Amino acid sequence: MEIKTEQFSEVAKKTLENAQSFAFLKLRANFVRTRRETALSTFPDAVAAQAYGAAIRAEAIARLPELLEEFEKNALANGARVFWARDAKEANEYIVHLAKERGIEYVTKGKSMVTEELGLNEALEKNGVKAWETDLGEFIIQLLNLPPFHIVGPAINIPVEKVRDLFLEKVNLKEPTLDPVQLGYAARLFLRDKFHRTRMGITGVNIAVAETGTLINVENEGNIRFSKSSPRTQISVMSLEKVVPTLEDALHLVRLLCRNCTGQKLSAYISMDNRPKKNDEIDGPEELIIVMVDNGRSKIYQDRLARHAMRCIRCGACLSSCPVYRQIGGYPYGWAYSGPMGQILNPLLLGLERTQDLYRATTLCGACKAVCPTGIDHPNLFLQYRAKDVLGEETFQGKKRPPMERVFFRVWTWAVTRSWFWNRASRMVRPFINKEAREGMLRRVRGPFEGWFRSRDLPAMAEKTFHDRWEEMQKVEGRKTEARR
Amino acid sequence: MEVISLFIPCTVDLFLPHIGEATVSLLGRAGVRLIYHKEQTCCGQPAINAGYREHAKKAAKHFIRVFGDDEKVVSPSGSCVGMVKHHYPELLAEEPEWRRRAEELSLRIYELSQYLVDIRKIENVGASFEGKVAYHESCHILRGLGVSEQPKRLIKAVKGAKLVSLNAADSCCGFGGEFANHYPDISESMVKDKVEDYLSSGAGVLLVSEPGCLFNIGGFISRNHPGKKVMHLASFLTENHKTMNNTR
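Taken in order, these protein sequences are the chains called A and B. The opening residue of the first sequence carries number 163 in our numbering; numbering runs sequentially from there. The opening residue of the second sequence carries number 691 in our numbering; numbering runs sequentially from there.
Don't read these hints as lab results, they were simulated from the structure. All of these numbers come straight from a predicted model, not from anything done at the bench. Do not rely on the hints blindly, as some may be mistaken.
[Unchecked claim] In silico lysine-lysine, BS3-like type, Cα no more than 30 angstroms apart, as pairs: (1) LYS188(A) x LYS842(B); (2) LYS751(B) x LYS626(A); (3) LYS356(A) x LYS461(A); (4) LYS852(B) x LYS188(A); (5) LYS175(A) x LYS918(B); (6) LYS822(B) x LYS175(A); (7) LYS882(B) x LYS561(A); (8) LYS188(A) x LYS251(A).
[To be verified] Between beta-carbon pairs, the in silico distance windows are: (9) THR200(A) x HIS915(B): 46 to 52 angstroms; (10) GLY718(B) x GLU556(A): 29 to 35 angstroms; (11) TRP576(A) x GLY917(B): 16 to 22 angstroms; (12) LYS846(B) x MET590(A): 24 to 30 angstroms; (13) GLY721(B) x PRO206(A): 40 to 46 angstroms; (14) GLU556(A) x GLU784(B): 20 to 26 angstroms; (15) ARG243(A) x ARG790(B): 51 to 57 angstroms; (16) HIS915(B) x ILE165(A): 23 to 29 angstroms; (17) THR643(A) x ARG790(B): 26 to 32 angstroms; (18) GLU634(A) x HIS915(B): 32 to 38 angstroms; (19) HIS915(B) x VAL591(A): 48 to 54 angstroms; (20) LYS919(B) x TRP576(A): 46 to 52 angstroms.
Where is the CB? At the ideal position from N, CA and C, for every residue including glycine.
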């Protein structure tokens, strides 16, 4: 998948100018929010349930190396094969090799974010293996050659008319229709044929259970189950942080995932598999291959602060809650992961230098933190990334800030710790700031403030600061006290 | 008589001193003795937000030197209170003595409405206003400090004032400090939504308790909807003052 994180502002502007997606984003946000809240209210104590999820994920990440080893041991004992991929290249090469070795023409894919991260489809197609996305949303954006707009609903922004035209052209839709059921049926017929003859299925993993070696997938369309159960070869690609200690932990996360993601108590399909089919069983894949993807995660794990980001279970609640995402949608984030969860993950996976906008284009409003079922403190992580960037921290390719900014903060610090200088300096800059003040308001200030003044005014600097006024109040008080005597 | 130390954020000191005066008036009427340290400057938010943690640490230490011995500190800004309350202990985590002082201070610092309602048990400050008002839930007050009921109670107790509901009241207005200047396309779109919600609420005035939101919403209104009103809660409560009543 092409990385476009550096075009954040440009792409954001385009979305803001697109009235249709703009209106849609707002409409959807309210709908999703209500659904989520209703679903969460089915817990006896929603706050406790969310906190329990945070505790599970915190423990899982703290014990990550040990849990991964336990998971591998149990998966192997169950009869699965396990491959550890250091990076995207290794993972892709291995999967391509598996496909080639088996003479595979095409694979069916269940919806998975990690394979977007890896750019697996491109790698497969480059080697002559067609990858069919079978999640309806992923299928649509694959045909349109677009990135996902939302991590859970990749094509939610595509108008139905566009889907109709696309399906007439590429999916054997016979009659033009806007009926979503008929459109869905056309996709279903098309994909059934792919499933019917598939020999290799590739899916992601929502949760991996260390104590049992179980892989859990959560979905609503059944395509992941199909991709896992129909072909001879099942490949499950999981990023390292997906593991939790016990099946009980996993079940609580499933409850949280469904409620926070789509506002359901449980999704339509939840599949759990441990192993390939046994000789005397009539169905199921003959081989189960688990690809464990590091791709920078060991490095993240080493950093005690950044590690928090690995708690994410990809529910997408933070996207719908985010006031910035609600304005600009998923494209500006420029990679597999979007919204606040993308803003905390992409900089760690891609480096701080080319993801500057992701951890800066936030008001630190904390709406993401408030809904997160795993207790991630997004605003704090953004501040930490900014600090790493200022220091030019090499581990995550911090860039260091422009010299002017560094000088500014040095002077600022000097002033802040000396009130006499602070007060004198503010009196000195006042005439320059207030130069064009009209009726106590500034409509423009020279310097790097165009962004603010484009559509906003600012009160002029007060001729008498509070500081001055307090001194006057004290004098008046003093006179009053004296008069009383 | 309780002694309260006034923490006037630099934004209020330099740009919005009338909010400081309103704070003095409200607290004075609440029957407390006020002290104001002239050595106070800025809490350090600009530095920590820009990633300059070492610089923010110096500001934090200065603040603790100035306010560290005060019994209670009160401020008309939730984000500056949040900076002291949540970020100082974390910034100074590796310096045990400073950390201890930061943690102690964090227990003694309050946002204005929080202090009036939770500590002083005051809701009716004797203000009167004829008409409808709306309240914007600033992010750092609502989610940062968990303060939401307190300002609304103060508003509801104003004689003649009717608090109307504001659509997406808890949605960020798009300020975010440097964010507003650096990402004007997104920020403008956010503040535009906020102002549209205010206009359609039917309220005659929009109240905020955060200087940052006042800059942003007020600045947008000044440019695009002159005549419409947005005010800091403290200013609103000191207009048309009568006598202060304790609710308990």
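Right, here's what the structure says about each hint:
no.	hint	in the structure
1	LYS188(A) x LYS842(B)	holds (26 angstroms)
2	LYS751(B) x LYS626(A)	holds (27 angstroms)
3	LYS356(A) x LYS461(A)	violated (39 angstroms)
4	LYS852(B) x LYS188(A)	holds (28 angstroms)
5	LYS175(A) x LYS918(B)	holds (28 angstroms)
6	LYS822(B) x LYS175(A)	violated (36 angstroms)
7	LYS882(B) x LYS561(A)	violated (34 angstroms)
8	LYS188(A) x LYS251(A)	violated (38 angstroms)
9	THR200(A) x HIS915(B): 46 to 52 angstroms	violated (35 angstroms)
10	GLY718(B) x GLU556(A): 29 to 35 angstroms	violated (54 angstroms)
11	TRP576(A) x GLY917(B): 16 to 22 angstroms	violated (43 angstroms)
12	LYS846(B) x MET590(A): 24 to 30 angstroms	violated (44 angstroms)
13	GLY721(B) x PRO206(A): 40 to 46 angstroms	holds (44 angstroms)
14	GLU556(A) x GLU784(B): 20 to 26 angstroms	holds (21 angstroms)
15	ARG243(A) x ARG790(B): 51 to 57 angstroms	holds (54 angstroms)
16	HIS915(B) x ILE165(A): 23 to 29 angstroms	violated (41 angstroms)
17	THR643(A) x ARG790(B): 26 to 32 angstroms	violated (38 angstroms)
18	GLU634(A) x HIS915(B): 32 to 38 angstroms	holds (34 angstroms)
19	HIS915(B) x VAL591(A): 48 to 54 angstroms	violated (30 angstroms)
20	LYS919(B) x TRP576(A): 46 to 52 angstroms	violated (39 angstroms)
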